[in-house]
Amino acid sequence: MHDTSAHAVQHGAPTSFIRKHVFSLDHKVIGKQYYALALVAAVVGMFLSWLMRIHLGWGSWAIPGLHLLSKGGAPGDVMTPEYYLQLMTMHGTIMVFFVLTTAPFAAFGNFFLPIQTGAEDMPFPHFNMMSFWVTFTAFLVMAASFIVPDGPTLGGWTQYAPLSAIGPAVGPGQGWGVVLWAASIAIFCVGQLFGSLNFITTTLDMRCKGMSLMRLPLSAWAWFITSVMGLTAFAVLMPACILLILDHVAGTSFFIPGGLVVSDHLVPHSGGSTLLWQHLFWFFGHPEVYIAIVPGMGIVSHVLVTNMRRPMLSHRVLIYSMGALAVLSYMVYGHHMFVSGMNPVSSLAFSFPTLVITIPSTIVVLIWLGSLYGSKLRINSASLFSLGFISMFISGGISGFFLAQPSLDIMLHATYFVVGHFHLVMAVAAMFGIYAGTYFWFPKMTGRMMNDTLGKVHFWLSFVGAYAIFMPFHYLGIAGNVRRYQAFTDDYLIPLIPVHKFITVAAILTGFAQLIFIYNLIHSRFWGEKAPNDNPWEGTSLEWSTATPPPHNNFGATMPVVYHDPYQYSVEGASADFIMQTSPEKLNNPLEEK
Amino acid sequence: MAKFFAVTIVIIAIASAVPIVMHMWPMPQDISTHGHLIDEQFADTMIEAGVSFLASQFLLAYFIWRFSSSKPGDKIKRFPGGALGLVVAAFLLVGTEVLALGVFGAKAWANVYLTPPAADAVLVQAQAGQFAFYFRYPGPDGKLGPIHPDMVSEANANFFGIDQTHDQDSKDDIVTAELAVPVNREVHMIMHSKDVGHSFYVPELRIQQDFVPGLDVSVHFTATKIGRYEIVCTQLCGLGHYNMKAYLEVKSPEDYDAWIKQQAALQ
Numbered sequence: 000m001h002d003t004s005a006h007a008v009q010h011g012a013p014t015s016f017i018r019k020h021v022f023s024l025d026h027k028v029i030g031k032q033y034y035a036l037a038l039v040a041a042v043v044g045m046f047l048s049w050l051m052r053i054h055l056g057w058g059s060w061a062i063p064g065l066h067l068l069s070k071g072g073a074p075g076d077v078m079t080p081e082y083y084l085q086l087m088t089m090h091g092t093i094m095v096f097f098v099l100t101t102a103p104f105a106a107f108g109n110f111f112l113p114i115q116t117g118a119e120d121m122p123f124p125h126f127n128m129m130s131f132w133v134t135f136t137a138f139l140v141m142a143a144s145f146i147v148p149d150g151p152t153l154g155g156w157t158q159y160a161p162l163s164a165i166g167p168a169v170g171p172g173q174g175w176g177v178v179l180w181a182a183s184i185a186i187f188c189v190g191q192l193f194g195s196l197n198f199i200t201t202t203l204d205m206r207c208k209g210m211s212l213m214r215l216p217l218s219a220w221a222w223f224i225t226s227v228m229g230l231t232a233f234a235v236l237m238p239a240c241i242l243l244i245l246d247h248v249a250g251t252s253f254f255i256p257g258g259l260v261v262s263d264h265l266v267p268h269s270g271g272s273t274l275l276w277q278h279l280f281w282f283f284g285h286p287e288v289y290i291a292i293v294p295g296m297g298i299v300s301h302v303l304v305t306n307m308r309r310p311m312l313s314h315r316v317l318i319y320s321m322g323a324l325a326v327l328s329y330m331v332y333g334h335h336m337f338v339s340g341m342n343p344v345s346s347l348a349f350s351f352p353t354l355v356i357t358i359p360s361t362i363v364v365l366i367w368l369g370s371l372y373g374s375k376l377r378i379n380s381a382s383l384f385s386l387g388f389i390s391m392f393i394s395g396g397i398s399g400f401f402l403a404q405p406s407l408d409i410m411l412h413a414t415y416f417v418v419g420h421f422h423l424v425m426a427v428a429a430m431f432g433i434y435a436g437t438y439f440w441f442p443k444m445t446g447r448m449m450n451d452t453l454g455k456v457h458f459w460l461s462f463v464g465a466y467a468i469f470m471p472f473h474y475l476g477i478a479g480n481v482r483r484y485q486a487f488t489d490d491y492l493i494p495l496i497p498v499h500k501f502i503t504v505a506a507i508l509t510g511f512a513q514l515i516f517i518y519n520l521i522h523s524r525f526w527g528e529k530a531p532n533d534n535p536w537e538g539t540s541l542e543w544s545t546a547t548p549p550p551h552n553n554f555g556a557t558m559p560v561v562y563h564d565p566y567q568y569s570v571e572g573a574s575a576d577f578i579m580q581t582s583p584e585k586l587n588n589p590l591e592e593k
Numbered sequence: 000m001a002k003f004f005a006v007t008i009v010i011i012a013i014a015s016a017v018p019i020v021m022h023m024w025p026m027p028q029d030i031s032t033h034g035h036l037i038d039e040q041f042a043d044t045m046i047e048a049g050v051s052f053l054a055s056q057f058l059l060a061y062f063i064w065r066f067s068s069s070k071p072g073d074k075i076k077r078f079p080g081g082a083l084g085l086v087v088a089a090f091l092l093v094g095t096e097v098l099a100l101g102v103f104g105a106k107a108w109a110n111v112y113l114t115p116p117a118a119d120a121v122l123v124q125a126q127a128g129q130f131a132f133y134f135r136y137p138g139p140d141g142k143l144g145p146i147h148p149d150m151v152s153e154a155n156a157n158f159f160g161i162d163q164t165h166d167q168d169s170k171d172d173i174v175t176a177e178l179a180v181p182v183n184r185e186v187h188m189i190m191h192s193k194d195v196g197h198s199f200y201v202p203e204l205r206i207q208q209d210f211v212p213g214l215d216v217s218v219h220f221t222a223t224k225i226g227r228y229e230i231v232c233t234q235l236c237g238l239g240h241y242n243m244k245a246y247l248e249v250k251s252p253e254d255y256d257a258w259i260k261q262q263a264a265l266q
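Top to bottom, those sequences are chains A and B.
Here numbering that gives the first Met the number 0 is used: position 471 in the first sequence is 470, and no number is missing along the way.
Here numbering that gives the first Met the number 0 is used: position 52 in the second sequence is 51, and no number is missing along the way.
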């Protein structure tokens, strides 16, 4: 904890447009930049998913204008098999890295972590600025793969070697496409490492007077835990990507064993290991799932507490559970590799922690449910998306029971069951977390309210739509429907095509509902109703005790002093329904476990 | 609004369960000796997961219904048992559940992967390459000759790169495009990848296993029902991935013997 008097303002308020809005050192501007990047990436990713879904439902259809995206990939506006895989790879990559990592963690975390900890900024603002611009560069590099000859890589977001390592001989996009993919992800990792360092040091070293660690809001805890995961996970993915690039450009053989033959030609590599890539990738990849979802858990908890008008049943248990998820996430990654050729005894060893990780996940859900009990729930767009998050997290999480078991993975591996599972638990739930955060914090970020009616319409269509899309994925998977197919030509898959058509229609309608959100976001930003005051939701944490939008150093002339745990709602004997963290009023709150 | 939301959650939860309960899109039939272990494990898991799913969604819906219409004077109520009760419940209920699933599930897994193939199992080598499967039987000598990657040639139909001129063990090897196996007899399959990662998936056989370039992986199974089944690739292997397939022909012992003789004659 820091003494506020020791805080020197690290950088003065910028005066030029460029330093204020482009190369800004202000964590709030950087947070908004991350949000804007995630929004653009989400629109691109969703557009790609539409193209994929239309192709899966009606593969022979010409999609007007598709040839403009790629002449070779869509001759006559009809997608080729390889172009389907290329768009699929870009959908997964863009969504996982540039949306699900960027928005809940980097965007909201940047904007609100320093404010919730009572800091005037992050400790290394230049690194923070670089973290965004490095991430932005990574996005441009990824986007560049659309315009190189052969287009983007078709290897899937997991980029399994040696398909990803051999080069153009194994398929379109496997030359330049892979190099750009790996370069983009390596650059992205650098950005996240800069960001994680800032998040960790902000939490540990920049807290204002009175802000003990346990007085941090759940959202701040979630960002802190995520940044520790980010520091360790991205630090493994980055060298893996560099090694992959070297296999392409330097003639190394990290991921290519000897004796491979492509088009009757012996591949001039030997000595590498294909499983090495999978180990490195999933050592990052599984924590990445939690990097995407833990910030959502924190955001949703924060939003819910404010709208339940009570503290969580146990603040500590929720924090410890998120911490347990983070630690266990490194021990479970082998469940992605049960049928990969890894030693079958290892599969059993990885299965056990994968099953065990359901315990902290269950505790988190039970704490949410137990806190809902007896609460004074307020319904608005933010709380609806938070409750929707819980429903999605339950649905997506429970299918993990199946996938944690190697014996069932024999049937379900690489089927739509897996796709349904991770979309619900990681993608839809995380998106709901982003939406909850947006509707909740928008007034603080912009000084204006979002339209709540449009927000509710957006919620209803998204909630029903997401289930209509992703629940049937599970049925398809049980029936043995293999993922990453551009068409279903096998006899046993043909009866499943009507289900795919249903999903396509649901996906397009649900996608349109997201346009309501974008309209609401842009319209409210400029013409929305002005926030009635600095604390429209009657919240208690530090972001609600400062001006709207917050000044350059977050708190103006005097830094805050904190007297309470973060969520003092409905405290008996208190002067009001909520007591701000900065209020010196003495309280005795029996609802909270110390 | 909140009550409507609660009802929606209940409807979605029930609607999600209906196709499972009604077996609308069931698992393909099981034609293996070990498959029933997987299917039983799947059914047990489905019951546990289904109950957890419905119970938690219903509880969420009920709490939203019940606690969204409070009046200003209402007091916050504490969940009976508090957080400690819930933590203990999670450890006991979910802990027991996952322990049971883990222990019983391990049995099915061990049956497929941790038991050695029978000594008299039919030996066959499967090779996956962009975008076809090929199979090699050892012939009367029971031995598969070595693979010479530099001799692989699709043009000369030498898909495995075998040298039948010089390698004694390869002379009687039989290469086919379909996997024929005798019914009710164990098959020991050695899996070899020619180029990139592929996978061998026959849902009816309850077998899915990746081909790992640079590593020969071994599986064994016994098919119990005569018929023709699709073998599909489940590991993304390039532009023809969706169309990479072959057939598993489960034949009577007599038909199998006749078939293998016929294939030997064709070599």
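Among the hints, a few may not be true.
Said to hold, decoys possible - Ranges between beta-carbon positions, derived for each pair: (1) B:Gln266 with A:Ser262: 51 to 59 Å; (2) B:Leu53 with A:Ile517: 32 to 40 Å; (3) B:Leu53 with A:Ile496: 25 to 33 Å.
Think of the hints as simulated: they come from the structure by calculation, not from any bench.
Even glycine gets a Cβ: it sits at the ideal position worked out from N, Cα and C.
Hints, one by one, checked against the model:
no.	hint	result
1	B:Gln266 with A:Ser262: 51 to 59 Å	violated (24 Å)
2	B:Leu53 with A:Ile517: 32 to 40 Å	holds (35 Å)
3	B:Leu53 with A:Ile496: 25 to 33 Å	holds (29 Å)
Hint violations for this structure: number 1 only, all remaining hints satisfied.
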